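Chemist: Spelled out, the chains give:
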Amino acid sequence: MSIIFFNEWKGLFRNKLFLFFISFFLLLLFIVTFFGNIQNKKQILNQQEAKNHIRDQWDEMGPSNPHSAAHFGTYAFKSNSILNSLDEGVNAVTGLVLRLEGHKQNEVAFSESSQSLTISTFGKLKVSLLFQFIIPLFLIFLAFNTYTSEISSGRLKLLLIQGNSMSKIIFAKIFTLLSLATLLLLFTILVQFFLNINYIKLDQITRLVIFFFSYFLYYFIIISFTVFLSLLLKKSTSALSLTIITWLLWTIFIPKTVGNFTESLTPLSTRIELSEKIQDDRSKGIDGHNPFDDRKIELEKEILARYEVDSLSHLPINFAGILMQADEEFGNQVWDKHYGELYEKLETQKRNYQLSGLINPFASLQSLSMASAGTDLLHHLDFLSHAEKYRRYFIKTLNDEYAFGGSKTGERGWKASQDFFRSIKDFSYNEANFISMKNKYFIDIFCLFLWSLSLVCLIIYYSKNHPFNEY
Amino acid sequence: MIQLINVNKKFKDKVALKNLSLEVKSGEIYGLLGANGAGKSTTLNLLLGFLNADKGQINLIDSNDSSIINQDRIGYIPENVNLYPYLTGLENLDYFSKLAGLKFKSSELREFLSECGLEKEAFNKYISEYSKGMRQKVGIAIAYAKNAKIYLLDEPASGLDPLSSNELSRMLKKMSKRGATILMASHDIFRVRETCHKIGILKNGSLVKEMFSKDVSPVELESLYLDYMKN
Amino acid sequence: MNISIFLFEFKHFIRNKAKLFSYIFFMLLCIYSIYNGFEIMHKQINTISNINEKQDIECNIVLDWLEQKKGPVDKPWVNIEDPYWLIRSTPSFIVKNPSPLFPLGIGQAEQFGFYKEITRWSSTFDSDMAEEISNYERLINGNIDFSFLIIFLLPILLIILTYNIHGLEKDLNFNKLITIQNKKLSSWIINRLIFYVLIVLLSINGMILSVGLITSSFAYFKSMLTLILISNLYVIVFSFVFYLIIKNASSSSSVAFKMISFWLFFCVIIPGSVHQYVSIKYPANYMTEFLDVNREQTYEVFKLDDIELYDFLVEIHPEIVETKKSQQDTLDSQLVRRCISTIINQMNIAAENEIEMQNEDKNYLIKSTYFFNPISYVQNLWNSCTATDYYSYGMYRLDIQESIISRNKLIVLELWNESEVDKEIYSRYLKILNN
Chain A
1 MSIIFFNEWK GLFRNKLFLF FISFFLLLLF IVTFFGNIQN KKQILNQQEA KNHIRDQWDE
61 MGPSNPHSAA HFGTYAFKSN SILNSLDEGV NAVTGLVLRL EGHKQNEVAF SESSQSLTIS
121 TFGKLKVSLL FQFIIPLFLI FLAFNTYTSE ISSGRLKLLL IQGNSMSKII FAKIFTLLSL
181 ATLLLLFTIL VQFFLNINYI KLDQITRLVI FFFSYFLYYF IIISFTVFLS LLLKKSTSAL
241 SLTIITWLLW TIFIPKTVGN FTESLTPLST RIELSEKIQD DRSKGIDGHN PFDDRKIELE
301 KEILARYEVD SLSHLPINFA GILMQADEEF GNQVWDKHYG ELYEKLETQK RNYQLSGLIN
361 PFASLQSLSM ASAGTDLLHH LDFLSHAEKY RRYFIKTLND EYAFGGSKTG ERGWKASQDF
421 FRSIKDFSYN EANFISMKNK YFIDIFCLFL WSLSLVCLII YYSKNHPFNE Y
Chain B
1 MIQLINVNKK FKDKVALKNL SLEVKSGEIY GLLGANGAGK STTLNLLLGF LNADKGQINL
61 IDSNDSSIIN QDRIGYIPEN VNLYPYLTGL ENLDYFSKLA GLKFKSSELR EFLSECGLEK
121 EAFNKYISEY SKGMRQKVGI AIAYAKNAKI YLLDEPASGL DPLSSNELSR MLKKMSKRGA
181 TILMASHDIF RVRETCHKIG ILKNGSLVKE MFSKDVSPVE LESLYLDYMK N
Chain C
1 MNISIFLFEF KHFIRNKAKL FSYIFFMLLC IYSIYNGFEI MHKQINTISN INEKQDIECN
61 IVLDWLEQKK GPVDKPWVNI EDPYWLIRST PSFIVKNPSP LFPLGIGQAE QFGFYKEITR
121 WSSTFDSDMA EEISNYERLI NGNIDFSFLI IFLLPILLII LTYNIHGLEK DLNFNKLITI
181 QNKKLSSWII NRLIFYVLIV LLSINGMILS VGLITSSFAY FKSMLTLILI SNLYVIVFSF
241 VFYLIIKNAS SSSSVAFKMI SFWLFFCVII PGSVHQYVSI KYPANYMTEF LDVNREQTYE
301 VFKLDDIELY DFLVEIHPEI VETKKSQQDT LDSQLVRRCI STIINQMNIA AENEIEMQNE
361 DKNYLIKSTY FFNPISYVQN LWNSCTATDY YSYGMYRLDI QESIISRNKL IVLELWNESE
421 VDKEIYSRYL KILNN
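Protein chains in written order, with my numbering: chain A, 1 to 471; chain B, 1 to 231; chain C, 1 to 435.
The shape of chain A in the complex, shown without the other chains (with noise of 0.2 Å):
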């Protein structure tokens, strides 16, 4: 197998066409990794800029009201990781700016694709574009008429009276394919790995791993299935014909198709019905149990008696902030059980969109390449989660400042020094790291190994059956 392995390569190194395309593409990958760092780290810049920006104005706010400091708030910025410049995955469609403020949560807004017309539909040129739609095509290229171009040139016949077997020089075929595609990928890495040697830690390498293997297995899947096409039909039109359908398919048809259809197994409730849903629960209680009036009162008597006193200004604190804070509580859990509930829909639809990999190895890929990028739509949700787990604690810190600070019951004018402001820790996000977050990702793998192992069955099985005649 490895004479053919190498004879192939040779072949491949002795056509100016393949040479100026495998030049071509060596040099737009470094280009476009390039590229996609400045802007990744302009884009990092930027965001620190703004959020020095808006914690400055919080430090310099001087003594306040805690509850005025509450309404003040403060903003969580998206960031974006280094890996981010590899594939933008949904960061071009997530709000970049969320604010934090007390007694709701709001959404994150601003995105960058609501910012100006339209450029591209198939996203920027990064590396994930180039590795996703482009390199696939070529390789279809060089793969439809391997196995024909044999027949019709009668070496086929040559390779097996040379004591070959069919499967052995078919998979020379592929495998010679595959390792130029893992050129272009192990290129692609080193340029990433150096441009950002500084900032590589254990997790980017995990990820820079499961980047690499995603698209290995993807363009084996790929490589194989054209050549089982020509295998299958004869033809090398009629299978170059039906991997550009297919392609399409997997790449642009079925990704849409199954995402609308996910959207329909598990439809979303609009904006209004959900912040109705929200003001419902929050003003008569969650389902109508518990409404807020019965809440106070309750609260009111459960603090007098704590004190031992028999009225709310003989309190030694200030009972307002204690009630902001228990209302602040019930508008969390009040969130917990909408946006649970909107966060597990998402996340179904996500798991019911990963299982299309069975059919359409494209969506494993799309999907562990984001997730190893960290840009995926779990790693957004895993950042909204957090943002909001800091603004609980930094509206608690405010309540309980308000509530036990030195102030008392009806003191409104109070405020808080300016120490304890600049005392509050500022929202700092770490991305998730990818390995507490695999089991999310088990389908995408399976189904690109059952694509794999599939496709070697098959070409093994149709090596054997074909029948020498026929030629």
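Don't read these hints as lab results, they were simulated from the structure.
Note that this is a predicted model, so its numbers are computed, not measured.
There's no promise every hint is true.
Unchecked claim - Restricting the straight-line Cα-Cα distance to at most 27 Å, the calculated cross-link-like pairs of lysine-lysine (DSS-like) are:
no.	chain 1	residue 1	chain 2	residue 2
1	B	K55	B	K120
2	C	K70	B	K18
3	B	K132	C	K75
4	B	K12	C	K247
5	B	K203	C	K183
6	B	K103	C	K11
7	C	K409	A	K415
8	B	K132	C	K170
9	A	K235	C	K258
10	B	K12	C	K75
11	C	K367	A	K41
12	B	K55	B	K12
13	B	K14	B	K55
14	C	K367	C	K75
15	A	K104	C	K176
16	C	K19	B	K125
17	C	K54	A	K277
18	C	K17	B	K98
19	C	K11	A	K235
20	B	K125	A	K235
21	C	K11	C	K281
22	A	K51	C	K281
23	A	K396	C	K303
24	A	K396	A	K408
25	B	K177	B	K10
26	A	K408	C	K75
27	C	K170	B	K10
28	A	K235	C	K176
29	C	K54	B	K103
30	C	K11	A	K234
31	C	K247	B	K98
32	C	K176	B	K25
33	A	K234	C	K258
34	C	K70	C	K325
35	A	K345	C	K43
Knowing the structure of chain A, use the given hints to seat chains B and C on it.
Modeler: The following block gives chains B and C in isolation, referenced to the frame of chain A:
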């Protein structure tokens, strides 16, 4: 009549034809023998108008009225008549006739195919189901249907079984009797000797020997050809 | 034109299963995309009608309160006869109704919200202006959208339909026979190509006109005509390039390779590169100017004293100087503070304009690349016809802004004029609040 007078053709530094002169009269079948690269295909391409000669004259003349024969009166039969595989023999003939600006009734098309020796059962079968010989017959029918005055054949007997090969010879003779001028380029010494009236041996772009086939036996022709090729 | 070649092409077409399947599949996709467009449009229309219903119900409740001269039971402090409370209690929504041509192009519709409840504190960049709740991964894959099919997949259909014209003959080595039978190779190619161009054009024009018929959008005849014109020109331009490729064909696979490379270059690589360049030059905006107004500057305004606030108010609404309330010796603090939202709104407008201008700079850069990035141009032109482009939503933001201004102005003028409210005046309010 086909007339080539001192025709020269060069591809970059390679001389393809050097002062080639030959003449094929009306009703004559001329066999052009030669090794690969001798200039046979270049000669055909020049006659087909796909190439222009660097020097010399090419005349395609109708002997009846001495007028010049246009491309639409030239029939061409390639080595492999690979027509549209998804069309039937009849449809292929119809299509190629229409390409030449000719419209025939179905009965006329059938007539042409029959004339060229194709069996009736095959008319409505897809070309993909045809043997090489059957496709060859459709190829000849295409030329015949456009009432070609000149037939140019490129290795027509290559890959044909003896029966088909023999049928081809008969067919070409039939055409020549009707006044067609036929030039066939081939490696097949035996077939050329059987089919053609006149034979030319081409070597390195020049005609090194010309003879009437009746003057040589197949064995003599073979040894003559080999002699020329070796020297 | 050689009619025979043209008509014979029908046989070539139907006998080639891959071509026939691709054509039927593409047309089914187009029908599905239109259906999908209708679905999204109806979903939007339903949401909008629910909103209108909700608004009517709430307005009727307010009307009831007004008749009974008593505000909501759980908010006894609300004096419904006070214009301030009355206007505050009256909801108003600004919606962006989908164009009847929406099924032909969803465009950027899914990047923006299409309804907004207006309060006196609202702004055009509130977080509820973000896109409707949806799965982000589905958003990046996009919808099966008719405009997407025409702009991105139709060229691929043309490739599948035409890649083996002249290429097949070369593959099977009978191209010389074609040349010898047919004097003009170019006219033979053109005739065959025209067949496919015509069936494609007839099909898509039929679909565009059908949508026009179904939605009775002949009022949008000009837009519909533009869509037909864009799609037809688009197909013709692609066909012309494909003609040049076919004419110089060496084999059908090399033709397919060249055609697909052309498609990739213009539909994927150039727009992708421009996108990357634009985002390096203008990184995603964190809108700090706007955040400042929303937070710090609002906070600062609340700290101002009544006279300073009054001065700001007069600057925005000079007519209040003439009112009795203004003539009084002392400023009514409650009155001034009830009008703070007008001042904040003015600041919001300035910050929003700043953002719009920054976005416009980005758009200007995008537009300046149109001469080598024609696909983005076609896409935006198409979206503008179906009212789903950035500028259509820009107009919607202007409507929202108008409504916020109207609401705040109404509060200011009614309060400073000490208007008394009755049902008739309330109906005037409703007219103003709902534009």
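Chemist: Does each hint hold? Answer for all of them.
Modeler: How the hints compare with the structure:
no.: 1; hint: B:K55 x B:K120; verdict: violated (47 Å)
no.: 2; hint: C:K70 x B:K18; verdict: violated (114 Å)
no.: 3; hint: B:K132 x C:K75; verdict: violated (96 Å)
no.: 4; hint: B:K12 x C:K247; verdict: holds (24 Å)
no.: 5; hint: B:K203 x C:K183; verdict: violated (32 Å)
no.: 6; hint: B:K103 x C:K11; verdict: holds (17 Å)
no.: 7; hint: C:K409 x A:K415; verdict: violated (34 Å)
no.: 8; hint: B:K132 x C:K170; verdict: holds (18 Å)
no.: 9; hint: A:K235 x C:K258; verdict: holds (20 Å)
no.: 10; hint: B:K12 x C:K75; verdict: violated (98 Å)
no.: 11; hint: C:K367 x A:K41; verdict: holds (26 Å)
no.: 12; hint: B:K55 x B:K12; verdict: holds (15 Å)
no.: 13; hint: B:K14 x B:K55; verdict: holds (15 Å)
no.: 14; hint: C:K367 x C:K75; verdict: violated (53 Å)
no.: 15; hint: A:K104 x C:K176; verdict: violated (77 Å)
no.: 16; hint: C:K19 x B:K125; verdict: holds (21 Å)
no.: 17; hint: C:K54 x A:K277; verdict: holds (14 Å)
no.: 18; hint: C:K17 x B:K98; verdict: holds (24 Å)
no.: 19; hint: C:K11 x A:K235; verdict: holds (21 Å)
no.: 20; hint: B:K125 x A:K235; verdict: holds (20 Å)
no.: 21; hint: C:K11 x C:K281; verdict: violated (53 Å)
no.: 22; hint: A:K51 x C:K281; verdict: holds (20 Å)
no.: 23; hint: A:K396 x C:K303; verdict: holds (25 Å)
no.: 24; hint: A:K396 x A:K408; verdict: holds (18 Å)
no.: 25; hint: B:K177 x B:K10; verdict: violated (36 Å)
no.: 26; hint: A:K408 x C:K75; verdict: holds (26 Å)
no.: 27; hint: C:K170 x B:K10; verdict: holds (24 Å)
no.: 28; hint: A:K235 x C:K176; verdict: holds (22 Å)
no.: 29; hint: C:K54 x B:K103; verdict: violated (72 Å)
no.: 30; hint: C:K11 x A:K234; verdict: holds (23 Å)
no.: 31; hint: C:K247 x B:K98; verdict: holds (20 Å)
no.: 32; hint: C:K176 x B:K25; verdict: holds (24 Å)
no.: 33; hint: A:K234 x C:K258; verdict: holds (23 Å)
no.: 34; hint: C:K70 x C:K325; verdict: holds (26 Å)
no.: 35; hint: A:K345 x C:K43; verdict: holds (19 Å)
Comparing the model with each earlier hint shows violations of hints 1, 2, 3, 5, 7, 10, 14, 15, 21, 25, 29; every other hint is respected.
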